[in-house]
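What follows is the residue order along each chain.
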Amino acid sequence: MTSSISHIAAPMIRRKRGISVSSWTFGIAVVVALLALLPFAFVIWATIATGPETAYRLIARPRVGLLLANTVALVLITVPICALLAVALAYLTERTDMPGRRLWAWLCITPLAVPAFVHSYAWIGLWPSLHGLGAGVAISVVAYFPFLYLPVAAAFRLLDPALEDQAASLGLSPAAVFRRVVLPQLRLSLCGGSLLVGLHLLAEYGLFAMIRFDTFTTAIVEQFQSTYNGVAAHMLALVLVICCFALIGFEAVLRGRNRYARLGSGVARLAGITRLGRWRYAAMLLPALVAVFALGIPAYTLTRWLVAGGAKIWRMDEIGLALSQTLLICVIGGLVTVLAALPVAWLSVRKAGRSSRLVESCYYLASSMPGVVVALALVTVTVRVALPLYQTVATITLAYVIMFLPRALVSLRTSIAQVPVELEQAAASLGRSPGRALLATTVRLAAPGAAAGMALTSLGILNELTATQMLAPNGTRTLAMAFWALSGEIDYAGAAPYAVLMVVFSLPMTWLLHHQSRKIAGR
Amino acid sequence: MSFLKVKGLHRRFGSVAALDGVDLVVASGSRTAIVGPSGCGKTTLLRMIAGFDVPDGGTITVDGVVLADAQNQLPAHKRGIGLVAQDGSLFPHLTVSDNIGFGLDRNFDGREKLVSELIDMVGLERSMLARKPEQLSGGQQQRVALARALARKPRLMLLDEPFSALDTGLRATTRRAVTEVLVAAGITTILVTHDQNEALAFADQVAVMRAGKFSQIGSPREIYARPVDAATARFLGEAIVLPADIADGFADCALGRVAVVGGARTGRADIMVRPEQIEVLAYGEDGKDVTGMASQIDFSGPSYDVTITTDAAAPFVMRLSLPSRNVLGEGDRVRLRVAGAAHVLSGPGSQ
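Taken in sequence, the protein lines are chains A and B. So the first sequence is numbered by my numbering: it starts at 14 and just counts up by one. So the second sequence is numbered by my numbering: it starts at 29 and just counts up by one.
Hints in this document: simulated from the structure, not taken from any laboratory. Think of the CB as a built atom: it goes at the ideal place given N, C-alpha and C, for glycine as much as any other residue. Just so you know, not all the hints are guaranteed correct.
[Stated by the list, open to error] Examples of chain B residues toward chain A, derived with CB under 7 Å:
#: 1; residue: Ala78
#: 2; residue: Phe80
#: 3; residue: Leu111
#: 4; residue: Pro343
#: 5; residue: Phe344
Only chain A is shown next, with the shape it has when bound in the complex:
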C-alpha cells in the first residue's frame, strides 16, 4: 500500500512545483515580449488612425519615392560589397599563411569600436565635400563589414576540412572546391550577417545625416524635429518597417532550409592552411587597405582635431558629466536588459518548445526595428497614455531593452546551456525550493554569460544616438549626444574628445565580441 501511495503522491507534488516556476517565468517572458512588440502595435495603430486616404497621400509622393530609391540603392550596393570583403578577409585571416593573421583578424573587428557616425565625422574631416550615395556606401562598408566578417570567419573555422579533401579527390580544382563546397557552407553566416548589415543601414541616422544622404531614418528624425510627432513621420515609419520586413523575408528565402552542419560523429580536424607562396606578403595589402580606411582615417582625423584643439577642448566639467551620465545609463540599460532576457533564456534552454520559440522570435523581430521607430512609438505611447513616463529613464530603458535584448539573450543562453540541469535538481533534492535552487545554481553559474551580455548591451547603448536623442530625459547629455550636438555646430575639435571616449570604452567590449564569436565556434 505504501508504495502505491508514494507512487500517486510524488508526481502530483512535482508537477505542481514545475508549473509554478516555469509558468511564472513564462509569464514574465510574455510580458516582456508584449512590451517589445509595442513599436509594431504603434505602427499598426498609426496606420489605422491616419486612415487609408491620408496614408496614401502621405506615402505616394515623390519625396518618399526618392527616399525609397536611396535606401534600396544603399542596401543593394553596400551589402554585397561588405559580403565580398568579409569573405576575402575571413579567408585570408583564417585559412592562409598570410603573415600576422591574428593581428589582421583583430584589425578587421576593431572598426566596430568606432560608432558609425564617428566614421562619418572622420571622413568629413578629411574630405569636407563628401556627400551622397557614393560616400554613404563607402563609409557604411568600413563601418559595418565587421558584422559580416565575424560570422563568416567563425564559419570558416567550423568548416570540416574532410569535405574539401573529399571534393579534391573527386577531381575538383581548388577554385571549384571553394565555389561548390566552401561557399555553400558559408551561406548561413553570409545570410545572417547580411541581414544584420542591412538592418543597420535602414536604422542608421548619424552616419547619413552627417554626409547629407537622405534615408527613411534621417527623414523621420527631421520630421520629428520639425513637426514633433506628426502623421507624416508615422507614415514614413510605416514604410521603413515594411522595408525591414522585406529584408527579413528576403533573408529567410535565401537562407533556405538546408542543413549545413557536419554529418557524422567526432570532432572535425582543424582546417588546413593554404600556402600563398609568393603572394604571401602581397595578400596583406587587402587587410592593410581596409585598416587604413576603417581605422586609419578615424585615428588620423581624431588626432588632428585633438592636436588642433589643444587643452581647451577638454572642458572637464562637461565631459565628466556626459561620461558619468553615459556610464549610468549604460549600466541601468545593460542590467535591465539582462534581467529581461533571463526568463526567456532559461526557458529556451530548459523548457524548449514551441511557445518559448515563439516568444523568442518576438524579441528578435522587435529588435530588428530601427531605433527611430522604437523611439517614435514610445514617445507617442507615453504622451498619449502615460504622460508621467514621457522622457524618463524608465522609457529610455525600455527602448534599450527592445533594441538590444537579443544581444543579452545570446550570451545568456550559451552560458545557461553549459550548466548541467542536474545541478538544479541536486539543489532541489537538498531542500531548496525550485526558485531558490535556480538562483543558487544556474543563475550563479551563468553569471559570466550575464556579464558578457551586459557588456554587449552597454556597447550598443554607448553608441546609440537616434533613440537616445528622442527619448532622453531633459538635461541628459550622453557622450553620443554631446558629440552630435558639437559636430552639428561644426565644432569638430570640440567633438573630438567625446568621440575618443566612446572609442576607448567600446574597445574592450569589441574584444569581448571577438572572444565570444570564437567561443561559439568552439575554438
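Use these hints to put chain B onto chain A, whose structure you have.
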C-alpha cells in the same frame, strides 16, 4: 605487376617523425590493408598518397608516374585517386544523387543513368537518390560515399577507416559489401584501419605499421602465423610468447616439446603460440603432456575465460578463452597439448 610504389617516404611534424622511411609495393587490382595503432602514421601515409600532405623525402609512384617527391607534387584533384573517409564526408547541402554525381562533369549526358547504376552497385534503393545525407543511416552513408568515389572510375581507391564509425553488426556486412563491389570493379584498394580483424579479413596483403615504419608486410595468414616480433604478434591477436630451447625442429618450453617452423635456428629463442592452438584436455596420468590447474573462471555465454597454471617447478601462467561446451571448474586439473607448429620469433631469446 606493381601498380603503386612507395619508396623511402619521410614526414616530420615538428620533432615527431610521422613517417620514418616507408616502403610499400601494391599489385594492380589487389587489396592492401595498412594496420597499426592510432598515431602510428598510417593516416599520414594515406593522405600523402591522396595528395593532401607533402612528403619531406621519398617518392610515390603510380603506374610508373611519380606523383610526389620532396620537390614536386601532383595536386590531389589531378591524381584520379578515390577516397572514402571515416564518416563518409558526404556533402550535407546536397542530395544523395548530387553527392554521387559530384565529381562528374555537369554537362555529361549519361550522368543520371550512371548515378542510378552506381547506387544499384552499392546495394541501395534508387528511391534514396532524392534524400539528404542526414536521412541515411551510417552504413548507408558509407555506401553513398563509396558510390561517389567510384563514379570517377579511380585507378586507386583509398579507404580511411570507413567502417570504424559503424555498429559491430553493420560493420561486417558493410565491409563485405564494399569488398565485393571493389573486387567486381577490379580497383586497386588500400584500406587503413586500426582494427586487426578488419585488416586480416579484408586484404590480400597486410602491412603492419608501428611508429612510422612498416614492421611487417605479407599475406594475412602469413603475418598472423609468422609475425616478426612479439609486439607485432600481440597486435594481430592474442599471443602466448614463451622462452624455449630449440634443436632439430623442436622447441622445449613450458608447454612441453613443440614442433617449430622456420627451423634453421637452434639454441635459446622466444617462440609464439596462438591460444587457439592450445588444446585443453581432460586430466589423465597417461602420456607426457604438460599438466596444469584451472582458476579464475569468467563465464560469458558461448565462451569462457580461464587462467591455467602449469604444474612445473617454475609454473607458466596463461589466460585462454574456451568454448562453453564443457566449462571447467575452479581448481580442475587439465592436460595441455599444442596443435600445429610454434613460430620462432627473431631477436635474442628472453631469459
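Hint-by-hint comparison with the structure:
Given the 7 Å rule on beta carbons, the hint for Ala78 (chain B) holds: about 6 Å separates it from the nearest Cβ of chain A. Taking 7 Å as the C-beta contact cut-off toward chain A, the hint placing Phe80 (chain B) at the interface holds, the least distance being around 5 Å. The interface hint given for Leu111 (chain B) is met, as the beta carbon of that residue sits about 4 Å from the closest beta carbon of chain A, less than 7 Å. Interface restraint check for Pro343 (chain B): the shortest CB-CB distance to chain A comes to about 46 Å, outside 7 Å, so the restraint is violated.
Because the beta carbon of Phe344 (chain B) sits about 42 Å from the nearest beta carbon in chain A, more than 7 Å, this interface hint is broken.
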